[in-house]
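Engineer: Chains as they are written, first to last, in this note's numbering: chain A, 88 to 273; chain B, 36 to 112.
Honestly, the hints are just simulated from the structure, not real lab data. Among the hints, erroneous ones may be present.
In silico contact screen, one side only, chain A against chain B (beta carbon under 7 Å); selected entries [to be verified]:
no., residue
1, 103
2, 118
3, 123
4, 136
5, 140
6, 147
7, 202
8, 234
9, 244
10, 246
11, 247
12, 262
13, 265
Please read all numbers here as calculations on a predicted model, not as lab measurements. For every residue, glycine included, the Cβ atom is placed at its ideal position computed from N, Cα and C.
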Amino acid sequence: MTDPAEGAELMERPAAAWPSDEIAGLYEQHQRAIYYLALRFLGDSQRAEDATHDVFLKAFRKLDQFRGESSARTWLYRIAINHCQNLQQSWHHRHVLPNSDDAIWEMSAAKTDSPLRVLETKELGQRIQQTLDRLSEEYRLLLLLVADEELSYEQIGVLVGQSTDAVRGKLHRARKTFAALFEQSA
Amino acid sequence: MKQRSKLSQEQTQNIEHDALQKTRLQAGQEFATADELLRFDAAQTAVPPHLAERLKESMANAGPPPRRSWWHRLLGH
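Generate the whole structure from the sequences, applying the supplied hints.
Structural biologist: Shown next as structure tokens:
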């Protein structure tokens, strides 16, 4: 049986504080970027929340290993990408159409230079998620990273382990494929 | 007269339909690239507000943050 005094104490417990200003600053500055990557990569808000929590907790535990050779953003992205990829592999939640990217791109390459028109913003998130889910993991990740204006092509290349030229080429195809699939989802 | 009245009704419906379409287009947006669309989406996406509290509690349970080794501090890393 729970002691009433203990219950009252729990209810009145003050909000926890950040263990250091450094981690507080990291969270404040990069939470949105990491959460968005996790959300659209994993396709589920609860999993994204858990992943973001785990990424910052890992960062906190490894803070002494962060040498400042890369930006804090890319360091956090590296942790987030590894974490999300591990989750995807272990949970078998892939929604990839095998080898579909190139076929879709070839099929609709001529049509995809037109702008992506959005009439209803209400369901926009769902449409974007459905489109990303149909991309390969590689294209999805590249598009999510390039959407972050703080990252250069060079930094994206380092994060995905590819040359800058390879990133440029793949992004070109990823954008086209995304546009074709997005159009289909209307 | 009846015919005329029917046409008028169709015309009215067309006008209403056009107006509705126009409203939707005005309310809608265009994005030149997937990057732009995803940036817009990211800006609209809010991090769950309770996540910070959850994280603070987990960090408090994890103990103090590890200290940097003396050579890291010496080298300014």
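Engineer: Against this structure, judge whether each hint is valid.
Structural biologist: Okay, the hints, checked on the actual structure:
{"no.": "1", "hint": "103", "result": "4 Å, holds"}
{"no.": "2", "hint": "118", "result": "5 Å, holds"}
{"no.": "3", "hint": "123", "result": "4 Å, holds"}
{"no.": "4", "hint": "136", "result": "5 Å, holds"}
{"no.": "5", "hint": "140", "result": "6 Å, holds"}
{"no.": "6", "hint": "147", "result": "5 Å, holds"}
{"no.": "7", "hint": "202", "result": "4 Å, holds"}
{"no.": "8", "hint": "234", "result": "4 Å, holds"}
{"no.": "9", "hint": "244", "result": "16 Å, violated"}
{"no.": "10", "hint": "246", "result": "16 Å, violated"}
{"no.": "11", "hint": "247", "result": "16 Å, violated"}
{"no.": "12", "hint": "262", "result": "5 Å, holds"}
{"no.": "13", "hint": "265", "result": "4 Å, holds"}
Of the numbered hints listed earlier, those contradicted by the structure are 9, 10 and 11.
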